[in-house]
Structures are given as structure tokens and as C-alpha cells.
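These protein sequence lines are chains S and Y, in that order. 1 is the number of the first residue of the first sequence in my numbering; add one for each residue after it. 1 is the number of the first residue of the second sequence in my numbering; add one for each residue after it.
Everything hinted at is true.
Capping the alpha-carbon separation at 25 Å, the derived lysine to any residue pairs in SDA-like fashion look like this:
1) S:Lys62 / Y:Phe84
2) Y:Lys253 / S:Asn259
3) S:Lys257 / Y:Lys252
4) Y:Lys29 / Y:Pro269
5) S:Lys104 / Y:Pro120
6) Y:Lys266 / S:Met229
7) S:Lys112 / Y:Leu77
8) S:Lys217 / Y:Cys101
9) S:Lys104 / Y:Leu95
10) Y:Lys231 / S:Leu45
11) S:Lys62 / Y:Asp118
12) S:Lys58 / Y:Gly105
13) S:Lys104 / Y:Gln117
14) S:Lys275 / Y:Asn229
15) S:Lys251 / Y:Leu257
16) S:Lys141 / Y:Ser215
17) Y:Lys121 / Y:Leu95
Quick caveat, the hints were computed from the structure, so don't treat them as lab data.
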Amino acid sequence: MKTKQIAIISGKGGTGKTTLAGSLSVLFNNHIIADCDVDSSNMHLILKPKINETKQYKAGHKAEINESKCVGCGKCQQVCRYNAIYKKENGKYSVDSFACEGCKACVLVCPKKAVDFVLNHPGDYFISETKYGPFIHAELKPGEEMSGGLVAQVRKQALKMAVDERKAFVIIDGAPGIGCPATSSLTGTDYAILVTEPTVSGIHDMERMMEVIKHFKIPFSIVINRYDMNIEKSVEIEEFCQKDNISVLGKIVFDEKVNIANSNEMPVVKLHDSKAAEAIQSIFKKLKDELTL
Amino acid sequence: MSTKIAVLSGKGGTGKTTIAVNLAYILSKEISVQLLDADVEEPNSHLYFNFKDEMREEKVSLMIPKVDPEKCTKCGLCGQECQFGAINVYDSGVLVFKNLCHGCGVCSLVCPENAIQDVPKELGVLRFNKVENELSFGEGILNVGEISGVKVISKLKQNYDSSDVIIIDSPPGSSCPVVETLRGIDHALVVTEDSAFGLHDMETVITILREMGISYSIVINKYRDDSKNDKHTHIFEKKYSNSIALKIPLDKKIANLHSKGQLFVKEFPKISDQFRDLFNKIIREKRHV
Chain S
1 MKTKQIAIIS GKGGTGKTTL AGSLSVLFNN HIIADCDVDS SNMHLILKPK INETKQYKAG
61 HKAEINESKC VGCGKCQQVC RYNAIYKKEN GKYSVDSFAC EGCKACVLVC PKKAVDFVLN
121 HPGDYFISET KYGPFIHAEL KPGEEMSGGL VAQVRKQALK MAVDERKAFV IIDGAPGIGC
181 PATSSLTGTD YAILVTEPTV SGIHDMERMM EVIKHFKIPF SIVINRYDMN IEKSVEIEEF
241 CQKDNISVLG KIVFDEKVNI ANSNEMPVVK LHDSKAAEAI QSIFKKLKDE LTL
Chain Y
1 MSTKIAVLSG KGGTGKTTIA VNLAYILSKE ISVQLLDADV EEPNSHLYFN FKDEMREEKV
61 SLMIPKVDPE KCTKCGLCGQ ECQFGAINVY DSGVLVFKNL CHGCGVCSLV CPENAIQDVP
121 KELGVLRFNK VENELSFGEG ILNVGEISGV KVISKLKQNY DSSDVIIIDS PPGSSCPVVE
181 TLRGIDHALV VTEDSAFGLH DMETVITILR EMGISYSIVI NKYRDDSKND KHTHIFEKKY
241 SNSIALKIPL DKKIANLHSK GQLFVKEFPK ISDQFRDLFN KIIREKRHV
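In isolation and in its complexed conformation, chain S is listed as follows (with noise of 0.2 Å):
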């Protein structure tokens, strides 16, 4: 049996991937819990992991400049295409690590060898127990670049374990957007399900990130959150899916009891007369459908 790998997207940020990602790694059964989005990851606040294992993330490398050997020549500023390297009141020059891409331009063109080229280490990401199941998640150190390398990395020690222990699904709550995080949390998953919202910022992200999806192949579904805060709106993405032959998964109404449940840290599916925990439920069983054929 192959591990099926599920991505929960959006494009748009807030529009509820999280909420379904967290509900859904309660309803699945023998299966592994990926956090991607990490920039912000949120999954752990309401799956209260017991972190077993810390890994440290080392990608890439940033250019240092030892002083004692600079003289003070500027090569390296003038071949600098990120404008990471500026002069200080010394004489010297230095680089700004968050502008730094770790090209090793400075490093090749230094005539004093002054350069040093130093492994980096952008974040951390946790190997972890949940009472529904494993749980992989991440940190990325603020304005750290090689965020999508780090989802990868998410990914693979997800996939690893899914193997290594015959777990059927993957649940990957993405990153947004549609650059380099978005992508490392898609590429190569099953199905994906894309989560909007009726609000004009949320059919335009969702339109851009069908292009992703449809260029990628994966097979995918829509689910509106929040269905009833706009009805137009909603009715405007059920039209566009049908056109488009995209089936909707799921709506979820607008429920201030998800705010309750978000508050408490729960996911929104374990709470009592909750229509957004019906509706979620139910978005449950046509996916479990879609996964089977």
C-alpha cells in the first residue's frame, strides 16, 4: 500500500487551512501530521505535541568577512548582486546576513582570502507524538530565506516515518502563497484540497493558485470556508468550479464557535453542536470517496 500524501492550500493566508488541517489530522486514522507552514506554524498550538526529537536544519551557506584580514579593496561589494555587502566607518566591509543569498561571489573574487564561507542553519524542525498520531513541524528563525528548503525537509521525514511505519495518508497543512514554500508543500502529493473564502482577495488568490496546481498535475478539490459571510461570492466560486469541472468538497459556515475553539487551542472538530465541526465532518467522508477511487 502506498502512503497518500493530502496538502491543504490556499493561496490566500487565514482563509482556514489550518482549522481543516487540524480537524482532519483528528478524523483520519493511521496517519502522519506535516506542519509546512513554516514561516507561521500554528498546527502545534492545538495538537499540543510532546516533542521527542530536535533536529537542526543546516542549508545553504552566508558569507563572513574577518575583518583582520580585509583590506578594504571593495571587490567583493562590487560583485555583490544583493547589495548584502556595505563599508563600515573603518575602512572595512561586512555583510548583512539577511541580505546575503549565499552566492560565494565575495568569497571568489576576495584577494585575501577574508571571505569565510559558513554553513547556515535557518531552523529546526521536531519529530513529535500527538494523541492523534505523529506530528512533524518546523521553525523557521525570523527573516530566514531557505524556507522551502525546510519544507522539503518537513516532508521527507514525514514521508520517511509514513513508510517505515506502513501509515496509510500524510496530512500537510501548507505554507501560502505561491513561491517556493507554497510549492515544496505541493509537489508530489496525492490530492490537494484548496481551502478559500468568498471575499474577492480570496476567489483572486485561488485562481492563482489553481495555476500551480493544475501545472504540478495533482488532483485536487475546494472547500469554502465561511460560506454564508458573502453568499454571492460563494455562489460566484461554485459557478467557476462547475464551469471548470473542480468539485467542491465542502462549505463551511461561518460559526463563532471556531473562534472558541481556536482560543482554547482545540481542533474545531471536537466541539459539541458546532455546524463548521458538522460541516467539517462531512467534507471528511466525500474525501475519504475521493481518495478511494
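Following the hints, put chain Y in place on chain S, whose structure we already have.
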């Protein structure tokens, strides 16, 4: 000189764009404003305005290598030194993986035969327009399929005009695009929401602001009265009460207006006043510094 304010959040969907477009609109009634949308992966600010003219467009490109097969001896140095795996030398020739290339120029720097030339590859586009005389607009749009918007953001920021205030709608998260957006900014408005998620992601962003030495104030959006006893509310009050400048209530009418692409401040005079007060406070503090 213009006062430059970045509106950012960490967590997506807290209301960055809501605050940025409404603040820009309300301030433009009294002073000149330029609104720049730097959320280049998913730019949305333009959806809230009717523009006077056609958009003026400007392409953003990255300089990537083109190898001259006549000069290339397949020595392999370019492939060895490329840190991003973007150029690879095979017996049959040299392959450039355009999407991996960071445009750093190391390959042409090390090529002993001068066989590598820089050629532009389109990454995205900048678009400019005017909403009203006192409100100008600019946005960066990253092409679908591109991995990093940093270059588009930095190009967008080279287009400051002479407005009294420049408001930048930032990307979400806390990685390099956010840092690029924050360079040279006078003040940051951190928009968070009344939840544990909002608090968590706000704290990550504040770490960056402190490290970069940028002053900030906090706007709590979708504020609820029933969250008074929540754990995150206590932390907001205990650690950040001095920085909390404004609380905007969770209101179905605001949400509905925004969902339709309308500026909610037009119907909420009290919040308009609060926006003006907040801006005046930022200006006073800037003078003070």
C-alpha cells in the same frame, strides 16, 4: 521626506490588506499617499480601488546565464561553484535550470573562457496607477511558477514617489520577502487577530522588527469581547499593552464590505478617526526620534 509605514502580520488573513487599503484611503483625504502592495505572491490591494487610467506596467527580470557553446570547453567550473544547482555541465553541453537560478553571476565570474553572458528572464511585473490625485498606487506581481518574490519587492520599492506617506502592504510570514519589505521603513503596523495563532505569528514578526531596529505598533483585528479570559488575551495585555494602538472589532458588516471589495472606513467614521489618530501618533514619534 515621506514617512514609510509597512503593514505586516506574520499570520496570513489577519487583515493586513484591509488595514493598508483603508488607512491609505482615509489619510489621502488630508495628505498625499502612495500605497504599494508588496505581497507579490498574492497581491490583493488593487481589488479595493477604481483606477483612473490603464495600469502603467514595468517588467521585472532576473539576469540569468546563457552559455555560448562555441566558447565553452565544458571545464565544469560553473557547475562546481553554483550554490543553487542551477547550472550543470554534461558531455552533451551545459544545462541551465532557470527556476533554480538566483541570478548571482558566479558562473560568469568563474568562467575562464568568458563563455557565459547574462540575459534577462522575466520574473514578474510592476503596475502603477492613480486612484485619486492624492492617492497613488503600485504593486508587484510575481509570475506563477517563480519561486522567490524578493527581487520584485526590491524593484517595487525603488518606485517611491514624493507622497507625504508611503504605505506598504507586506507579504505574510517572517522570512526573506518580509525582511526585504522592511528595509528602510520608518514604522511597522503589525496587524494581528484575537487568537492564539495571531499572537504566535505576531511574536515572530516582532523578533525581526527588534533585530532590524524598526519601531512598531500593534493593531488587533477581529477583536472579540468574549476573549477576555483567554490565555492569549492575557499575554497580549501583559507583554504588549504599551504597543497596542488600535483594536478593531469582529464585525460581520466590516467582513461583508471587505468581501465585496469595498472600503469599510467609508461607513465607520469612528474607525476613520482612530486611523488618523494612529497616524498622527506615528508622526509625532518619528519627530521625537
